[in-house]
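I would like the entire structure built from these sequences, with the hints used as guidance.
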Amino acid sequence: MRYFPLLATILATIGVYNVVDASPAAGQPQVNVGTTTSNNAAAAATTNPSTSAGSAPLPSVTVTINGQNLVYPGLDRTPNTDDPVVQQWLKELDLSNVPKLPQSNGGVVNYSQANCQAPTKILPNQGSWTCQKVVRPDDKDQCPKQGVWGLTYDDGPSLYTPKLLDTLNSKDIKATFFVVGSRVISFPETLKAAYEKGHNIAVHTWAHAALTSLPDASVVAELKWTMKAIKDVIGVTPIYMRPPYGDTDDRVRALTRAVGLWTVLWTEGFDTDDWSLRTGPGLKTQNADHVIGIFQGWMKKLPTMKNGFVVLEHDLFPQTVQAAQAVMQIAVKQQGLTIQTVPQCLGDSTPYLEVGGKPPALLVSADSKSSNSSDSSNDPEVKAASTSDGLSTTIYSALPVTMMSLAISFAFGLW
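Taking mature numbering (1 follows the signal peptide of the UniProt record, and there is no 0), I'd label the letters of the sequence shown as residues -22 to -1, 1 to 393.
Hints are computed from structural coordinates only; laboratory data are not their basis. Careful, some of the hints might be misleading.
Stated by the list, open to error - Label pairs and their calculated CB-CB ranges:
1) Lys78 to Lys284: 35 to 43 Å
2) Asn265 to Ser74: 46 to 54 Å
3) Asn93 to Gly334: 38 to 46 Å
4) His268 to Gly325: 28 to 36 Å
5) Thr282 to Gly325: 20 to 28 Å
6) Gly45 to Gln307: 36 to 44 Å
7) Pro122 to Gly176: 17 to 25 Å
8) Ser327 to Leu280: 20 to 28 Å
What the hints assert, rightly or not - Using 20 Å as the maximum straight-line C-alpha spacing, the simulated EDC-like pairs for lysine to aspartate or glutamate come out as follows:
9) Lys123 to Glu246
10) Lys206 to Asp60
11) Lys175 to Asp144
12) Lys206 to Asp72
13) Lys311 to Asp267
14) Lys336 to Glu70
15) Lys278 to Glu246
16) Lys336 to Asp72
17) Lys284 to Asp117
18) Lys209 to Glu70
19) Lys69 to Asp194
20) Lys152 to Glu167
21) Lys209 to Glu332
22) Lys278 to Asp249
23) Lys311 to Asp144
24) Lys175 to Glu332
25) Lys209 to Glu174
26) Lys284 to Asp249
27) Lys170 to Asp144
28) Lys152 to Asp326
29) Lys206 to Glu70
30) Lys111 to Asp251
31) Lys279 to Asp267
32) Lys206 to Asp194
All figures in this text were calculated on a predicted structure; none of them were measured in a lab. A virtual CB, placed ideally from N, CA and C, is assigned to each residue, including glycine.
See the structure below:
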């Protein structure tokens, strides 16, 4: 999904933190939004947050999950790396082999290749997927077997995910859901329902941050908090992740490996373009027929494709879920097409750490380290990759109750 991660700034500006929602949606937890000096999720919940002398309070939310009051970072903002929990994670990880590459564009987000404008925006050896179309050997961007569709949905769980689950479950189809940590603790029952029906759950960061724009510690915090939230809800830890916007480079790849996650992208040209279904003033929108047309175009190419493919879709908005449901009605009738989760299509039957899942090696691969001294555009392992990740710069048009029922939807016309 594409949206600017400015929600925290907006909320802080208009002063809506320190709110308690008294009437959560059915089946969802009550979330206390406040400030505290620690986001220690193992600590007991508190209704009297405090701050240390001379220090600014850290945003946090308290959620009751599986009978426990757990404390997490503030919703939809990159977690504070001074938090003791994050500091402990950083001590436990060996990051010595992470390439010393800068944050992309000095910390400014490159959402698409059009924004990269080398050489001032990014280094020639950065190994960027967005800017340089680099896919490393460890990246998962397709299914090895011909005719296999790796079905994925990003950015949930949301209010609309249950409708998508109903469609998938009725057809006995399993998908990989790349979930945002802030949404996990907003809709834990929805996540549990997906997992219990056999769908694969994977990581999509805490606040949908563009990871190459963040310093190392913030990347770790985005990934580890999401891994923890998922385990708190479903009891297991994923070993797969998808970077928001497909935004990764050799530094982020190494950090992702270090925390025990495989990077999953999507196959070149296999973005459903469902982000174009967004609505709002001044937006030129598409309808579900647009997405169906894209899918039908893929099916025409299916007999000539040597490998399977991984598709980008979203389950955050009603329009994207409706389009996904419409596509699924057609897909199940397609001859020669097998629909699987990403781990299934990769031949992995243990996609969680606690059931024997095999995370990537903690050391940076030779390919990534060699890219520090050579132009990655000449790397024989480099493959072209689509960077048309979807949903524009829209901030949630239908936020969960944990966001104080605030509905904000806008776009900046970048696509």
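Could you work out which earlier hints the structure fails to respect and list their numbers in ascending sequence? none
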